[in-house]
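Q: Residue numbering for the sequence shown follows our numbering, beginning at 1405 and increasing consecutively.
It cannot be assumed that every hint is accurate.
[Said to hold, decoys possible] Keeping only pairs whose Cα atoms sit at most 25 Å apart, straight-line, the calculated SDA-like set for lysine to any residue is:
1. 2067 x 2037
2. 2039 x 2023
3. 2039 x 2110
4. 1550 x 1589
5. 1659 x 2086
6. 1641 x 1662
7. 2039 x 2051
8. 2039 x 2086
9. 1899 x 1971
10. 2055 x 1494
11. 1517 x 1492
12. 1659 x 1607
13. 2055 x 1462
14. 2122 x 2096
15. 1719 x 2037
16. 1621 x 1867
[Said to hold, decoys possible] Here are the in silico distance ranges between beta carbons for each label pair:
17. 1582 x 1533: 48 to 56 Å
18. 2060 x 1640: 47 to 55 Å
19. 1476 x 1547: 31 to 39 Å
20. 1836 x 1946: 48 to 56 Å
21. 2046 x 2021: 27 to 35 Å
22. 2078 x 1946: 35 to 43 Å
Think of the hints as simulated: they come from the structure by calculation, not from any bench.
Built from N, CA and C at the ideal position, the CB exists for glycine as well.
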Amino acid sequence: MRMKTTLLLLVLSAFFQVAYTQGFNTVYSPDGIYVFAAGNQGSIFRSADGGASYASYTINNTVNYLSCFAFDSTVWFGGSNGSVYRTSKYFMNPSAYATGSPYPVNSVYFLNKRLGFICGDSGAVMRTTNGGFNWSPLNTGTAAVKYNSIYFLDSLNGALAGNNGYIYITSNGGASWTIQTSGTARNLLKIKYFQGGIVSAGEYGTFVIKDDTAAFKSVNMRIDSDIRGLAGNSIGKVHLCGGGGFIRNNSNGSKAFLNFEINPMVADLKDICYTDSLTGFAVSSLNQAVIKTTNGGANWQLSPGTTVTFAWSTKMSTSGGIGNNLCRHPYDRNTLFCMFGNRVYVSRNRGDNWSQISTTSLGTNAHDFFVSPVDTNIWLCAIESSPDKVIRSTDYGTTWSTVLSINFSNYGTPLEIDQNNPSVFYYAPDGGGFYKSTDNGATFTEISGNYPFRSPCDVMVMPDSSNVIFIADGVTGSGLGDIFKTVNGGVNWTKVQTNTSSSEIPALCNSVFDRSTMFATNWSGGDIYRTTNFGDNWSLLRTNSASGWAADICREDPTLIITGSYGSSTFLSTDRGATFTTISISGGAGAGEIAVDRGYVIDMRTGAIMKLTANYTVVTKTSENLISTVPSDFKLYQNYPNPFNPSTIVKFDLPESGLTTVKIFDVLGREVISLLNEHRNAGTHEIVFNASGLSSGVYFCRIDFGGRTDIKKLTLIK
1405 MRMKTTLLLL
1415 VLSAFFQVAY
1425 TQGFNTVYSP
1435 DGIYVFAAGN
1445 QGSIFRSADG
1455 GASYASYTIN
1465 NTVNYLSCFA
1475 FDSTVWFGGS
1485 NGSVYRTSKY
1495 FMNPSAYATG
1505 SPYPVNSVYF
1515 LNKRLGFICG
1525 DSGAVMRTTN
1535 GGFNWSPLNT
1545 GTAAVKYNSI
1555 YFLDSLNGAL
1565 AGNNGYIYIT
1575 SNGGASWTIQ
1585 TSGTARNLLK
1595 IKYFQGGIVS
1605 AGEYGTFVIK
1615 DDTAAFKSVN
1625 MRIDSDIRGL
1635 AGNSIGKVHL
1645 CGGGGFIRNN
1655 SNGSKAFLNF
1665 EINPMVADLK
1675 DICYTDSLTG
1685 FAVSSLNQAV
1695 IKTTNGGANW
1705 QLSPGTTVTF
1715 AWSTKMSTSG
1725 GIGNNLCRHP
1735 YDRNTLFCMF
1745 GNRVYVSRNR
1755 GDNWSQISTT
1765 SLGTNAHDFF
1775 VSPVDTNIWL
1785 CAIESSPDKV
1795 IRSTDYGTTW
1805 STVLSINFSN
1815 YGTPLEIDQN
1825 NPSVFYYAPD
1835 GGGFYKSTDN
1845 GATFTEISGN
1855 YPFRSPCDVM
1865 VMPDSSNVIF
1875 IADGVTGSGL
1885 GDIFKTVNGG
1895 VNWTKVQTNT
1905 SSSEIPALCN
1915 SVFDRSTMFA
1925 TNWSGGDIYR
1935 TTNFGDNWSL
1945 LRTNSASGWA
1955 ADICREDPTL
1965 IITGSYGSST
1975 FLSTDRGATF
1985 TTISISGGAG
1995 AGEIAVDRGY
2005 VIDMRTGAIM
2015 KLTANYTVVT
2025 KTSENLISTV
2035 PSDFKLYQNY
2045 PNPFNPSTIV
2055 KFDLPESGLT
2065 TVKIFDVLGR
2075 EVISLLNEHR
2085 NAGTHEIVFN
2095 ASGLSSGVYF
2105 CRIDFGGRTD
2115 IKKLTLIK
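Can you build the whole structure from these sequences, using the hints too?
A: Structure, rendered in structure tokens:
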């Protein structure tokens, strides 16, 4: 009787370079040597050398792999079709095992080779006691919601997290579960059970933690993107990653997870794993670059041979851009506003598409724009007019009224909101004075005794400290750029920095995660200044190749900094400013920038809206695909095409599984290259032999399998 087997298409050459657009859902390593990353449409990466190199596989392209776990030499993948796929870390030949549930397997966890647990949609919670060959339901006491993560401390104590804030714990191996008060209704995506406590993370920056004796309590992570990955070996050093591309940990007692790990991923991060206290791996859903740390997260590196290129893509072309008029919606993380000239535009999909929603007749070119968090119907902007004005709308931009008429810098951004108290606005016009509104921009009062600023370019309020405010000041051609600081809310001011190499300081930026560190750009020079002591002292960080303009520290990760110029260059740092990458940009001169998260960076030009893209090119040594067929006898086919240049397909049939070697020899009998020397399943296999490094001539392909040998002649013509 002929048995059903498989066709394995093996594409093998020295190396393949592919710019991937699809990424991974999960990553796991049992030992720091073998690493597995898996994603949609059957995509799996495998490394056998600690991430130094990867092989790429497509195994059942109708299945999305949602989770992965490995113990000792066995690897399991959770599939979107309700099956668990089991294989060995030594070779990729996964076999599917039905769980009895049609719902996606969102999480897999094994305590040893035999005892494992899974969870999935519609309340699916299951256990195996024979290594995943058979599964039985464990749904006693749990609601019929989507469960996203399961984790066991030992054979008795486990935890389960799901949508709508559901957390359950068990103390009897899953026979029964007790619901916990998580304190959130958000969807929880990951959970870990440590000796000493449980942590769970989820959508919109949700993070809850519980020690052995207390209830769950929420940690304010001060982000609104999803936390998708959890790792770590103790509750005192938990690593987490998220949709914003950040990696954070709570080592050294940082209860707010303020230790940000420097990493090169300018995209979301979907999953993270640590094999010990030093070695970790993380992946994105947007590309197939796997990053690795060997020093506990102090920094992360791309796998060898992986490269990244940055570019700006045009999302809207218009005119009248000046100042920094980019403004996030206070409550909708996907919505962004921008004002060009006298027109307000909105994007509802993270800056990809824009539409005009308002026009004002009270001025010509806006220099600042804000949507009030107190009431999103209230908008404020500073706009050029005769004289210049602060104008306000209380009906979502349908009508506008003048609040204040006083000239401001023709290149600056004089209006600012107090993010600590969003009913408060500040205004710094030309020729001195500092104005404050405490009624959501309805009225302004001068509070500084007309302090003699020259021509303020930017205003910045310190997070969590409304009394500390900074003004960047400068006049074109003056040769002096100043920074002023107040510690009593704008009443009294002290000059803390004078830059004699430029005339203006166009932009200041700071971070809620590190109030001591701020950056300042300079014009007409390219100097970037930094303070690390709350703005009291500033020092030159670097000099860029173009005149400075806008700048921002990533709102979710202070290790990423973006600075612009009034020319065609921008400068990106992913390591807190230690190094910068120059990225060219079009669309006119620079105006404003916002780095919402690491994968969501927008540049406002005088004539366009641009969005930053990062393209990762991943080098893999092999690429394999698996499809169904029924092979018969052992056979080596004639390669095709033949003659060939430079690639040809070597095809062979295996009647059963076993060690298979395929080698190429020259006419003198010398081995030229080994195409295959591994265990292979029964099936019909194809290898793409790339001979680009060989000279024209006659070669021989030999296959050895189960004591049998076959040889075919190949002709390479260049």
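Q: If a hint holds in the structure, say so; if it does not, say that too.
A: Here is what the structure says about each hint:
| no. | hint | in the structure |
| --- | --- | --- |
| 1 | 2067 x 2037 | 20 Å, holds |
| 2 | 2039 x 2023 | 32 Å, violated |
| 3 | 2039 x 2110 | 12 Å, holds |
| 4 | 1550 x 1589 | 13 Å, holds |
| 5 | 1659 x 2086 | 54 Å, violated |
| 6 | 1641 x 1662 | 12 Å, holds |
| 7 | 2039 x 2051 | 21 Å, holds |
| 8 | 2039 x 2086 | 12 Å, holds |
| 9 | 1899 x 1971 | 29 Å, violated |
| 10 | 2055 x 1494 | 23 Å, holds |
| 11 | 1517 x 1492 | 11 Å, holds |
| 12 | 1659 x 1607 | 19 Å, holds |
| 13 | 2055 x 1462 | 18 Å, holds |
| 14 | 2122 x 2096 | 9 Å, holds |
| 15 | 1719 x 2037 | 57 Å, violated |
| 16 | 1621 x 1867 | 24 Å, holds |
| 17 | 1582 x 1533: 48 to 56 Å | 23 Å, violated |
| 18 | 2060 x 1640: 47 to 55 Å | 52 Å, holds |
| 19 | 1476 x 1547: 31 to 39 Å | 34 Å, holds |
| 20 | 1836 x 1946: 48 to 56 Å | 33 Å, violated |
| 21 | 2046 x 2021: 27 to 35 Å | 32 Å, holds |
| 22 | 2078 x 1946: 35 to 43 Å | 49 Å, violated |
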